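Residues per chain, in single letters:
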Amino acid sequence: MTSGAASGNNAAPGQIQLVPAIRMTGIDKSFGATRANRGASLEVMPGEIHALVGENGAGKSTLMRTLGGLMKPDAGRVEVNGRDATGWSTSDAIAAGIGIVHQHFMLIPTLSVAENLVLGCEPRTRFFVLDRHRAADDVRKLSNETGLVIAPDRLVSDLSVGEAQRVEILKVLYRGAKILVLDEPTAVLSPPEVKELWVVLRRLRDSGATIVLITHRLDEVVDLSDTITVMRAGETVARIRTAETTPAEIARAMVGREVSLSAGKRVQPLSRPTTPQRDKGLEVRNLSVTNSRGIRAVDGVSFNIEPGEILGVAGVEGNGQTELVEALAGLRPVFSGDILIEGVDVTRRPVAARHDAGLSHIPEDRHRRGLILEYTVADNLILGVQKYFSKGGLLDSDRVMENALQEISAFDIRPANPVLAARALSGGNQQKVVVAREMGRTFSVLLASQPTRGVDVGAIEFIHQQLLDARSNGKAILLVSAELNEVLALSDRVAVMYRGKFATVMPASEASEEVLGEYMIGTKKGNAA
Amino acid sequence: MTASPIASSTKPTFAATPWRERAEEALIPPLVALLVALICGDLLILSYGQSPAVVYRLLLEGTWGNAYGFGQVLYKATTLAFTGLAVSFGLRAGLFNIGGESQLAAGGFAAALIGLVLPGGTPLAIALILCMIAAGCAGGIVGAVPAYLKTRFGAHEVIVTIMLNFIVLALLNWFIAGHMHVPETLHTPEIHAGVLPRLADIDSRFHGSAANLVLVVAVLVAAAVWFYLFRARGGYELRAVGLQPEAAEYGGISVGRVWMKALTFSGVIAGMGGINYVLGYKHYYEDGFASGAGFLGIAVALVGRNHPFGVLLAAFFFATLSQGGLAIHAFVPKQMMDVLQGVVIIAVATSVPEVRRALRSARRRSDA
Amino acid sequence: MNPISFITQMIRIAIPYLFAASGGVVAERSGIVSLTLEGFMLGGAFAAVVGAHYSGSPWIGVLSGMLGGLFFAAIHAVTTIRYRADQVVVGVAINLLAIGVTRFFLKLFFASSSNSPRVTGFGGNIKAGGFDNPLLWLGLLVAPAVAFVIYRTPFGLRVRAAGEHPEAAESVGVSVNRIRYLAVAISGILAGLGGVYLALDQHQFTDQMTAGRGFIAISAVIFGRWNPIRAALACLLFAAAETLQIQLQGNHAIPSQFIEMIPYLLVIVALAGVVGKAVPPAALGKVEN
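Chains as they are written, first to last, in my numbering: chain A, 1 to 529; chain B, 1 to 368; chain C, 1 to 289.
Chain A extracted, bound-state conformation:
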């Protein structure tokens, strides 16, 4: 749907100070059952660097994709330079001077830099021939103007991540972008590359561009931005001038829940269980893991979790927590280091062997990993332990059903119907199915990754109690959560993960939101291994 916005992008110069460059109000956007944006808003003034912050999944990217015309909002209004731009197309957005640098690069690896740059608005010589010389010249000219130097004829697949990002920025500038949106631009950059990027962004701002910077790294926000908008769970929760705030305040707005069941109060018994324990739980030595782009996501992490102990891992998401848990679970190859479960080295063992060694795992994404959505609840309750529910190669349907009924009642899964497809359950009940399965079996080490994400209040409390019960039964538990309160309330010790390393590990009794917050945003750098 083409609105009239594209044609009127040249706002009168006199108005430019009065009209926001971007004004988004009441934006709603759902994907299936997930509401990515609920009444989100954003107001960006021309010529500023505006930081849009929030955790992963807070709805920042969705909001920006709406702005860029890649998706249409379910409700709400978008204005660019004072013109209605609701529901416009990508071409409209480009014509109106919006340029989005996506988190996952929108570059075609098999094409050259120049080809990527001109795609969609190619210079032509005659009737339909691509003018490759002009394309290359344009790249060089733009490089010189902006300081983003890159050879036009190189293949994108040969570029480093930093160089690829330069191409992305050049690409939007080539299209005449006056409003630049950068989605997590530093996630993949090395510190010197980040510095270089800041220089470029400041220069662009000084030459009149408006910049929206999406990030969850608060040190960057403080360094660079003029104004900050904070999003949480699809809503806009704060709009602050950077000069008038502190990182701690931003962090609280980002991750802090005003209401949480057990916030700050330690609900677990402080004494260790008295039953005799095997002395080894989970031992991790100098573990390094690379992510899917080949970047070192976990960098030399070491820790022990004793039986009957919960080690909580806090941290802003995207600092290597996902890769850490996946490597421990056997779902991601280990680059270097060792993983021991009850003293048994499982570093190179497949998932099934780790199960047998006593590992249980509540995965962070139940829709992708944790459940087979088309399978019934009963069938999902045996995923990973199916061999214990079969005899002579056949599933013992009586025991599968018996197990299902038992877990359904023990974990209060609703509706209490073992033959319903998992897809039909609410998020909280889906999560209970996963928790029931992983905690209903025999295990000695539990990886609990975001165990209460997207779960209703009652279920949160229940799952927390399950974790504490498991702890008193002598299980070694690694709890990874983006909820600071959850980590503080449940853990014996707390680690903060920052850029692939444990920035600190401390007893939970010494930890507080304020202390952890500084490690989380990198303003305080730890010495823990």
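Honestly, the hints are just simulated from the structure, not real lab data.
Please read all numbers here as calculations on a predicted model, not as lab measurements.
Be aware that one or more of the hints could be misleading.
[Claimed, not checked] Quick list of the computed label-pair ranges, beta carbon to beta carbon: (1) Ser291/B <-> His133/A: 48 to 56 Å; (2) Ala111/C <-> Pro123/A: 30 to 38 Å; (3) Gly120/B <-> Asp356/A: 49 to 57 Å; (4) Arg357/B <-> Ala253/C: 53 to 61 Å.
Using N, Cα and C, we set each Cβ at its ideal position, and we do this for glycine too.
Chain A is fixed; fit chains B and C onto it per the hints.
The following block gives chains B and C in isolation, referenced to the frame of chain A:
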């Protein structure tokens, strides 16, 4: 079980996903396809200056209306059931086996070899079992090649199975044409052992039709596939890999091993289908007997919605189309049925995703 | 063996492959699986004969042959792009449909189930050895032309982008669907021309006259790693093997069946990556839901 029970007020119930939703998603696409096929059929019949009503009546009379025609339908359905089951077995694991034709041919060839090697007096049960094993192994070997290339090198099974069709068929042609054919023909001598009774031997009304006891084998294989898929641990793991490979991996299932198993056994099933022609009908292997059966197996699996019993029904439907062509040939060329087969596949392939999307969004709207 | 006669025969055999493989490259580079080339060729061959028969002009035959290929391409494009049907399933069905449709109308128009009457075609001058057929010259030019379009024009750039990273193409305002419609249409017309060449060279249509040539063409596309020039070289290679087989007839050193296998074996070897792995366009055959 470590969980502390929470008093649950709700009693367990056993109502599955509303059957209406599942029935709608399963049945609407074939019905849409049938409608489209009927319209196309009408147009073709009219283009030939005939009356659709007359032609359709002839079609029904010539297929389901008399024992001979019905027997022919059953015979054709038998082969299609095997190739259809083969394709659907692979698809349950998320893999597309387009090699049904060569697997079927290899199976038929192997069955004929064993039938030729065994002495004349071999008891039927033993001969049948040996021939079936040989047929299954031959098909399985052809199926294992793309499976290995996929798990080891990531070579896409669609292309590899297509290419293998040509290679295996050329190889079989070389065997037959160069080494073991009856002069002036492209088939082997008649087998000595393993000749199966035809339906006509049991009920004389089927006289002349090719339907034979392999029909029973096909139904048994369908039942076995159903049992494996929905009752065995291996079937649980296989379907898990087909639905959500990442969740299967999380559940400790080796995706590569399941792929290997699924494509190999897909080949075994298609290969076993070779006995329908060789043991049940002609009693020799003939070059080209499998022609087209592999591609139609895809249609059968698609229309049968990858359910073993759905596949049997779909095989019966496509066999009816093919036999129906002969029944109407005096009025409209039988080639009309070739057209309609293509139309049905395209219509089903198109309406399956479309219907699912439409139904799901309609349900979301009614939920909201 | 006479090298001149070898080369001329090889080229004549290669022409249908060159047309179809060039079309296949365009469609596959845009992200649409081209298991349909066989059907497009058959449709083109039949339509060419119908056109030539009723008009008496081979050039009208060429035109209607292109439309014949386009007809099946349109079905493929609409079902897979608009309705997001599985490209492999529809591809298989298109081939079956093409066989059925050509058989039915062969019967309807020419009252035969095996072949059409003789039509005015191209060539026929024995001395020219087939080189008096204008389609032969066109066939030799088509691969370089497609290479030019793919690598030197904005359209080609967009085709490559659509097949590698459709989301990136959409993000800069390129309509991936429109590019794919055009690419499939081009593949239909080019593969159709491959069929036209066959039919007008033989001056008639015979049932299933393409006899698997569409699959040889797609083999050439894969073996040529989706590059039009390399695919054309693969076509020539496969044609050379066939020529060898024909010219060696009577000499039983190598059974003909083994020479027939060469293209298919090479494809499998290429896909397995034994010598330089063939990597398809990243978005080939993928349907987002």
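Quick rundown of the hints versus the structure:
1. Ser291/B <-> His133/A: 48 to 56 Å: holds (55 Å)
2. Ala111/C <-> Pro123/A: 30 to 38 Å: violated (57 Å)
3. Gly120/B <-> Asp356/A: 49 to 57 Å: holds (54 Å)
4. Arg357/B <-> Ala253/C: 53 to 61 Å: holds (58 Å)
Of the numbered hints listed earlier, the single one contradicted by the structure is hint 2.
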